[in-house]
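From first to last, the protein sequence lines are chains A and B. Every letter in the first sequence is one number past the one before it in our numbering, and letter 166, counting from 1, is 166. Every letter in the second sequence is one number past the one before it in our numbering, and letter 1, counting from 1, is 1001.
No wet-lab data here; the hints were simulated from the structure. Certain hints may be false.
Chain A residues, not near chain B, derived (Cβ > 10 angstroms throughout) [what the hints assert, rightly or not]:
1. 10
2. 41
3. 107
4. 120
5. 172
6. 219
To give an idea of the chain A side of the interface with chain B (calculated C-beta under 7 angstroms), a few residues [said to hold, decoys possible]:
7. 42
8. 105
9. 106
10. 109
11. 113
12. 143
13. 145
14. 150
15. 152
16. 157
17. 158
18. 165
19. 167
20. 168
21. 171
22. 173
All C-beta atoms, glycine included, are put in the ideal place defined by N, C-alpha and C.
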Amino acid sequence: MTVKLGLPSKGRLMEQAFDWFAARGVAVRRTGSDREYAGAVEGADGVELVLLSAGEIPRELAAGRIHLGVTGTDLVREKIPLWSEKIAEIARLGFGHADLVLAVPRAWIDVDTLDDLDAAAAAFRAAHGHRLRIATKYHTLVRDFLKANGVADYRLVDSQGATEGTVKNLTAEAIADITSSGETLRANHLKILSDGLILQSQATLFRSRTAPAEGATGRRLAALLETLGLAAAG
Amino acid sequence: MDTAAKAAIRAEADRLAAHFAAAGAHPVEADILQPAGTLLDLYGEDIRARAYTTRDPVRGELMLRPDFTVPVVQMHMAEGAEPARYTYAGPVFRMQDAASHRASEYLQVGYELFARDDPAAADAEVFALFAKLLAPLGLRAATGDIGLLKAAVAGLRTTARRKAALARHIWRPARFRALLDRFGGRTAPPASRAALLDAAGTTPAGTLIAEAGPLVGLRTPDEIASRIAALRADAAAPPIAAGELAILDRLLGLADTAPRALTELRGLAGEMPALAPATDRMAARLDALADRDVDIDALPFEGSYGRTTLEYYDGFVFGFYAEGRALPPVASGGRYDALTRVLGQGREIPAVGGVIRPAQVLAVQEGSA
Chain A
1 MTVKLGLPSK
11 GRLMEQAFDW
21 FAARGVAVRR
31 TGSDREYAGA
41 VEGADGVELV
51 LLSAGEIPRE
61 LAAGRIHLGV
71 TGTDLVREKI
81 PLWSEKIAEI
91 ARLGFGHADL
101 VLAVPRAWID
111 VDTLDDLDAA
121 AAAFRAAHGH
131 RLRIATKYHT
141 LVRDFLKANG
151 VADYRLVDSQ
161 GATEGTVKNL
171 TAEAIADITS
181 SGETLRANHL
191 KILSDGLILQ
201 SQATLFRSRT
211 APAEGATGRR
221 LAALLETLGL
231 AAAG
Chain B
1001 MDTAAKAAIR
1011 AEADRLAAHF
1021 AAAGAHPVEA
1031 DILQPAGTLL
1041 DLYGEDIRAR
1051 AYTTRDPVRG
1061 ELMLRPDFTV
1071 PVVQMHMAEG
1081 AEPARYTYAG
1091 PVFRMQDAAS
1101 HRASEYLQVG
1111 YELFARDDPA
1121 AADAEVFALF
1131 AKLLAPLGLR
1141 AATGDIGLLK
1151 AAVAGLRTTA
1161 RRKAALARHI
1171 WRPARFRALL
1181 DRFGGRTAPP
1191 ASRAALLDAA
1201 GTTPAGTLIA
1211 EAGPLVGLRT
1221 PDEIASRIAA
1231 LRADAAAPPI
1241 AAGELAILDR
1251 LLGLADTAPR
1261 ALTELRGLAG
1271 EMPALAPATD
1281 RMAARLDALA
1291 DRDVDIDALP
1301 FEGSYGRTTL
1311 EYYDGFVFGF
1321 YAEGRALPPV
1331 ASGGRYDALT
1341 RVLGQGREIP
1351 AVGGVIRPAQ
1361 VLAVQEGSA
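So that you can see chain A by itself, here it is in the shape it has in the complex (with noise of 0.2 angstroms):
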């Protein structure tokens, strides 16, 4: 069986990681057309590419159907519960670092904390009849990072995209994102609190340890990460 390597599809993340794996040896490109979703693996004997969206490698790592997986530590943590279990991380790569931030409007002088987020929840709720909305698609994370730091009054509203945009289209009232230079919160006129630092995340080479790598997988799958320089971790 070969050793099954998921890359992003896509985007500067798939041509950081090519670049990251062919510094090391391992040339990995992309094969056919540019629409097609197909690749090649040169440098390492019995190793598969398989592109995916960077969003769907953690659940094809926990399921063990791939044996190794280039995403963001972010999307690790919010899809795969109890993740160390059936995934471990083996490098950082030192690209794609985004930081999921919470995030209200500028203008919002009095808020710049935690406790002052809770206290206009409060507020915000007794004079609107409903809840702090804060829009978001990491919703564990972020769920699990204020109820940790004893925010109370808000809820949490599903965006999967343009989420900055939501505070001025009126759907939330706040916004929990991944940034990465914090110019799309500042064009949107938000900021983000100071302690507001929900998750620091980059690209990380993460290992399924649920897929089987007996006998010939195993062997195909540590001259892999000798070649690239890893000591087979987990």
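Take the given structure of chain A and dock chain B to it, following the hints.
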């Protein structure tokens, strides 16, 4: 779980429910699918992490019932006569922390008492009934009283706004502690708060808000300005006195037998008279428990017990545990007067009740067999 094990749990549930019925409770049923809105209003977003949510094209967002209390209260408020005793037995559904490996679907058997007169007697009736039913299992009882905490917060000589903030977080111990430390001057406010107050001392809030950038979203400049005014008033208010903080600390740290705890509480009420009515209620409850043959000299009492449950208990709280609290309690319950007010649409009735988990009863029996 195999069919035989499930049948055994069902039989135990029926046996417990029969005991409750023999004690005068009227058997009731409740829908498994409950409107999510009511539960979200009561519990907040935390309930989404605890209850299973589903959708119906017509009825909208629904939850698999996380407990029977809410539907039973609603039923009583809609059609019940007083006083009333109800029992029920059926599955409830709780999403569990993945690491805990606890059951997410299990049977509960409950007993709920709605009675206007003599709350001490009502508390004692429910506790004594549970204690007697569970006595063969040799469990450890735990008791507490959220009413004492509420009274202590209300009795602080500080601003109404601070008291409301503390009362809102009685069920979130970490946030409660952080607020108490700040209101007591034990921690300094964040630097950003000091800078804001400095600026607001010389510049109108409206100007500061406009300078900060375009205001997006539903929250209005008036709401921001009124919170700034509240922050300024708070900064001008003196810290909560060290003596009062010490009283709260002693109350929260209390862990003793019920009679000794009562003696300690009498002492605290001497220093903080607002505690006296709640202390009298506890004394009356202990008398009522003794009348029902509960050995109160051996009954534990903890000042902080019941603070981490779903937040609706507001008076007497109790639980029965097998050794070690790693396991879920075999039984738990308490007084929830405020819940009936929230669900009663203008009406309210004092209520106290509890549930037993028959699967845990069997687990304890097997463990000791």
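- Determine which of the earlier numbered hints do not hold for this structure and return their numbers in increasing order. Per hint list: 3, 4, 5, 7, 13, 16, 17, 18, 21 violated.
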